[in-house]
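There are 2 protein chains.
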Amino acid sequence: MSQFDNVSVIKKSNIYFDGKCVSHSVLFADGTRKTVGVIFPSTLVFNTGAPEIMEVIAGKCRVKLAGQDNWQEYGAGQSFEVAGNSSFTIETIDTLDYVCHFA
Amino acid sequence: MSQFDNVSVIKKSNIYFDGKCVSHSVLFADGTRKTVGVIFPSTLVFNTGAPEIMEVIAGKCRVKLAGQDNWQEYGAGQSFEVAGNSSFTIETIDTLDYVCHFA
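Quick note, the sequences are listed as chains A and B, same order. Quick note on full-length UniProt numbering: the first sequence kicks off at 1 and runs consecutively. Quick note on full-length UniProt numbering: the second sequence kicks off at 1 and runs consecutively.
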């Protein structure tokens, strides 16, 4: 599924890390929220509040979750889960299109 | 109105000018399309196919339409029209959140 249907979209973006990450918030009828976004080539550390699932739509990255020593590579169609109140380091190799699902 | 309701959102972004412009497409029930996007500080020339209205949600820019000599400044809540098969030069002074309405 290449699109979300029957949703609301916030017009103003969320910009992080001096523009290395840009996203727009998408609101669902059931009250949940996701973001659709882009991460440009970089190595960034993201902190989580709520648990989240990062779904890669396009591009390529390597990810190291907090407390782990190994990097895992993810590409289009793959996703990874991050615990709440945690963090992950993401090295974006090819510009990433992603959907972030919040629990 | 800070959001669009009852719309579809394409998950994959549109990236232009090496990431200086990032947008996501929003589809409406009546078949029309808009984009919600960001332009980072830069001076860019955009070519239009269909006529469009650029609505500034946040940030500040100066715009010169094709065939005109004068620059006009636009900020939050303002918008400008661009003819089809034309172009405009946009100098983004403060990072721009915009909605592009296609006719």
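Read the hints as simulated data drawn from the structure, not as lab findings. Note that the Cβ used here is the ideal one computed from N, Cα and C, for glycine as well. Don't take each hint at face value.
[As the list claims (entries may be wrong)] Derived DSS-like pairs: lysine-lysine, alpha-carbon spacing no greater than 27 Å straight-line: (1) K64/A with K12/B; (2) K11/A with K64/A; (3) K60/B with K20/B; (4) K60/B with K12/A; (5) K12/A with K64/B; (6) K60/A with K64/B; (7) K11/B with K60/A; (8) K64/A with K60/B; (9) K60/A with K60/B; (10) K20/A with K60/A; (11) K60/B with K20/A; (12) K64/A with K64/B; (13) K64/B with K20/B; (14) K20/A with K12/B.
[Said to hold, decoys possible] Residues of chain B placed beyond 12 Å of chain A at every Cβ, according to the derived structure: (15) V45; (16) A83; (17) G84.
Hints violated by the structure (listed by number, smallest first): 2, 6, 8, 9, 12
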